[in-house]
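The hints should help you fit chain B onto chain A, whose structure is shown.
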Amino acid sequence: MTTKLRGGMITFEASAKREILSFFDKSTDEEDYIIEDADPTQRVLTPSGEELTIDEFAGIKKGSEIFIKSDLPSLIELLDMIN
Amino acid sequence: MSWFEKLKELVKININLENIRFFDIHINNNNTSDRVEYRQPEKIISLNLEKLTPSEREQVKQIVQEKVRQDDQLLIEKNSQERIKDIDSEENSDRIKPLLAYFKNKIPKDDYTALRAALHVRERFRRHANKEEILNLREEITGKFGKRGRSISILCSAGYFESLIKPIYEIMSADPDFSNKDFLAYYDVIISEEAFAVFVSEGMTKDAVRHQIKMKIQKNLKYGIKVVTIHGMGRTNVETINEVVRELQDETPTMLITISEKNNIIKVQLKFT
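Listed in order, the protein sequences are those of chains A and B.
Per this note's numbering, the first sequence starts with residue 1, numbered consecutively.
Per this note's numbering, the second sequence starts with residue 1001, numbered consecutively.
Derived from the structure by calculation, the hints contain no laboratory data.
Quantities reported herein were computed from a predicted structural model and do not represent experimental measurements.
A virtual CB, placed ideally from N, CA and C, is assigned to each residue, including glycine.
Some hints here could point you the wrong way.
Listed next, with one range per pair, are the computed distances between beta-carbon atoms [said to hold, decoys possible]: (1) B:K1147 to A:P47: 20 to 28 Å; (2) B:A1174 to A:I82: 32 to 40 Å; (3) A:E36 to B:E1162: 44 to 52 Å; (4) B:S1179 to A:E50: 33 to 41 Å; (5) B:R1246 to A:E50: 47 to 55 Å; (6) B:N1242 to A:I82: 46 to 54 Å.
Only chain A is shown next, with the shape it has when bound in the complex (with noise of 0.2 Å):
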């Protein structure tokens, strides 16, 4: 397993979705789409461009504050992102 699959990482239960957000200042418009606190009208960006509600959020990674999306494709980028 990739070492950085062994440990240390922060883990949460979908139930603590909104908390986690709100730990970065982001949270969801009516469409439930992860928002910009600071800014209702900005919706979060994936690497990808992609817009994302909180059902498919899956994380976060620094950078400029990644977003990963919970769809097979951008966690297996994520696997590329953090090997």
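For chain B alone, kept in the frame of chain A given last:
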């Protein structure tokens, strides 16, 4: 105060955190878990936001922000973490690692990611994942890579990357004038024609080849598609395809046939009027 000091202050349980090199912090938000739990075998410290005071939650916020922003720590939902662990373990298995190593840098980058995703779907199917999960995973591939992703997924599930595409590369690359562009041109045809094509792979009998071609012709014509393409490689397969096509021509004389054949790689296009 560093995140580590903050965590020690927050946890207040009888463990020596300095002695644990790798441990995960897990955050939940429910009324069933304890406020703080330490799961020794898995080296996980679990914090339940629901049961923390507002000031303790603020401490958790600072810990998470600091670990992500300053320590480049990954913050990930538990279910997604399990999924990437599974993918990582599969991709390092003897069943998948050699195939991925083979196609890396031979096919376009997006196709390579789609192939990795398709191999994961195949593994989930092998482990008896339910139909709904398989369909959802396939939809995720199509959602990201469109029709091309769908074709790669179908070809991968049927084993054609091993039984057809890899052998075609082997044969083509044996040509002294070979360039990867030649292979990509052929590979592109296979991917883009997947829906209309029959792929003849090693070990198929003449009857099986005839049956598959006839079924494909029937299906395509039913939906107004007047073309069927047949791909195959290897001397035996090329001979079988040629024989079957001749028989089909006898049955349907109006059918137009275009055959291109080189180095025991054959492509036949059947057109119906």
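Verification of the supplied hints:
1. Between K1147 of chain B and P47 of chain A the C-beta distance comes to about 23 Å, which sits within the given range of 20 to 28 Å.
2. Between A1174 of chain B and I82 of chain A the beta carbon distance is about 38 Å. The supplied range of 32 to 40 Å therefore holds.
3. Distance hint for E36 of chain A and E1162 of chain B: a CB-CB separation of about 47 Å, consistent with the stated range 44 to 52 Å.
4. With their beta carbons about 35 Å apart, S1179 of chain B and E50 of chain A fall inside the hinted range of 33 to 41 Å.
5. The hinted range of 47 to 55 Å is satisfied by R1246 of chain B and E50 of chain A, whose Cβ atoms lie roughly 51 Å apart.
6. At roughly 50 Å, the beta carbons of N1242 of chain B and I82 of chain A sit within the given window of 46 to 54 Å.
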